[in-house]
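2 protein chains.
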Amino acid sequence: MLQPRLASRAKRMRASEIRELLKLLARPDIISFAGGIPDEKLFPAEAAKEGYAKALDEQTRGISLQYSLSDGYVPLREWIVDYMATIGVQCDVENIMITSGSQQALDFIAKLYLSPNDTALVTWPTYLGALQAFNAYEPRFDRLDPMGNRSTAEIVREAEEAGGAVKFAYLSADFSNPTGQTYSREMREKLIEMADEFDMPIIEDGAYQALRFDGKSIPPILAIEQEQRGGDIEACRTIYCGSFSKTLAPGLRIGWVCGARQILDRLVIIKQAGDLHTSTINQIVIDHIARTVFDEQVDKIGSVYSARRDKLLAELKKHMPEGVSWTEPEGGMFVWVTLPKHLDGADLLAKSLETEKVAFVPGQAFFADGSGANTIRLSFSCADDEMIEEGMARLGRLIAGAM
Amino acid sequence: MLQPRLASRAKRMRASEIRELLKLLARPDIISFAGGIPDEKLFPAEAAKEGYAKALDEQTRGISLQYSLSDGYVPLREWIVDYMATIGVQCDVENIMITSGSQQALDFIAKLYLSPNDTALVTWPTYLGALQAFNAYEPRFDRLDPMGNRSTAEIVREAEEAGGAVKFAYLSADFSNPTGQTYSREMREKLIEMADEFDMPIIEDGAYQALRFDGKSIPPILAIEQEQRGGDIEACRTIYCGSFSKTLAPGLRIGWVCGARQILDRLVIIKQAGDLHTSTINQIVIDHIARTVFDEQVDKIGSVYSARRDKLLAELKKHMPEGVSWTEPEGGMFVWVTLPKHLDGADLLAKSLETEKVAFVPGQAFFADGSGANTIRLSFSCADDEMIEEGMARLGRLIAGAM
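Protein chains in written order, with the working numbering: chain E, 17 to 419; chain Z, 17 to 419.
All the pointers check out, no bait thrown in.
One copy or any two copies: either way a pair holds, since identical chains are not told apart in the list.
Here are the simulated BS3-like cross-link-like pairs (lysine-lysine), alpha carbons at most 30 Å apart as the crow flies: (1) K316 <-> K70; (2) K70 <-> K57; (3) K316 <-> K65; (4) K232 <-> K316; (5) K333 <-> K316; (6) K327 <-> K232; (7) K373 <-> K334.
Bear in mind the hints are in silico, worked out from the structure with no lab data behind them.
For clarity, every value in this text was computed on a predicted model and none was experimentally measured.
Next comes chain E alone, as it looks inside the complex (with noise of 0.2 Å):
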């Protein structure tokens, strides 16, 4: 009865398996660092109250209850707006457009842009989330590697031998989920090049770019290319994907898209179709929110987690054999490491279950090739320093003992 293309596309997904690993966060016993979610201990909950008590009351109710259009509550779009300029994307209400988290927008710009055996150029590795949100539009991957040594030409004619075209490319160009690494800008203007060769849209995952700890901030590559088009953002083609999730809270589920208003014209009529528009009522928080304590928020996380990610990198340099390898990323929730060519991070997963009880996300569903068997995500965001000493001291034991 099911469309059995889909069906083995459901397969290759493997979300069921992140699944269970999520619910290992819940077993007392384990000590894990395999969520990829923000401490709760940290969310703007006082705001939050303020904002829905606000949003219901006698004047407000009969708005914030009810149907709104599909580009989004105004006030919110015309805060981005603003934030947006802080990181050097000038832009227009009508180039923000909001969706139930930036999730939601990759799938919408997927639906946009790819049909059955185009082509989406990924890095290796790249957001689990943004392989499935693609998926359902049954592509191929190919690999995004700006710097590397492979000809336009080359990658354009494997896409139409596959049956289709070369239709975007995908990043997440600060501190990315999986590996916490930073493009740099030399990267950022190649990546812009490549693009108008291949005459296709950037869709620059922003999710994490509020969350620098340290070291010299980026314009985002949506703002480098404005600035290339002599201030147009009408003219560019990078479509930004922002998101609350990390900053604020996820639980609300807004994200937003910052772009060209003639791609944002065709997404809002995806948005209308798909969903009609996200949750009026956590729009309305959201900007009471932001207007509140985003700066300030954001410190917060950032001096906590910071302290967090020096934790994790001093135990994993205490502990680690010789042989494993780690990123030190400069914001965000992630420390990516690379075992030993011959370890499986599945393999070891499993047996950390039964012996070390400590989690990770094993890295191999982050590669749209199934490679990278020999890496493990850790997350940072929830360990204190006690989860973070026990931690390293029972992988390394398990990593050492498996080598």
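Position chain Z relative to chain E; hints supplied.
Frame of chain E, contents of chain Z only:
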């Protein structure tokens, strides 16, 4: 840059026209029967206020503001299981998935079943939002008419000639948008037979199902099918889409899907890829509101809306010239007016906005084949006595003048 196919689809959707129409609601000189929205004065705002405050107390804020699982908040799904039992469907929590409004359910179901050139069977007319959701997957539409004269073989042959297969039938069985009409039990049974012949699911849109003012309740198609299959929901092909938008409040965007687990499992994967999950806090709050005031709320809405329907039917009778007919719904929010064949609802609206200043939705957009130009939809959910008296007097004059 954009897929040309999608761009042309975007035009077909006529979403911008509908949005323009909705803006008329805000023009003080227009009496509008256009917007298909609930009356904001009836929203359970106090229960909502209480629900948000409770969801944000110190014990629960860490849950309500955090990520949650894609299938939905378990207590809310338990409430829905009990609710489904009251309308004749026996199911379990695993047969329920929460969606961001029932619009999202339609999108996800279309994503699961439709490939380009497949056939979706829909009523003539049908819910415009369903056509929009389905259109994104590039199907063709054929007319769903279980009591009609066309054979299954003929419909299947035409679907194959178009390059696809008949994938599902979609309908709203109770007080449907736009006609307000209800399918008889005999029609529902016939439809299940037909679905068996086609080996296809039935998508039952229950958005208005709870809003019955009078007449005898007819069990949902899913309930009738379950009875026929010996009580086994896992053997059922009907997928029921429910919504809190018409009973509680649309601004929270909470709906649900109820069906066999093998279908739900696939929809949960699509949900995860689509937006991870529906707003955690809104699910918790809808659970609170439903448990506190659902029955009371449905009674309140029913008594207000039924009085408005009575008034609208009485004024139609008073003011409509001969040759105009209309439905007499037993619930919901809409009356459907059929004009003499040579009149065009869109022309009439254009004229109305200059002269009589009464707004309605021209019916043609609700027909997948672009027929039905001589129909219009009137919504009575937000209309008070005075508006209805004055509005129908104007509409009567307008139509009489055009005849």
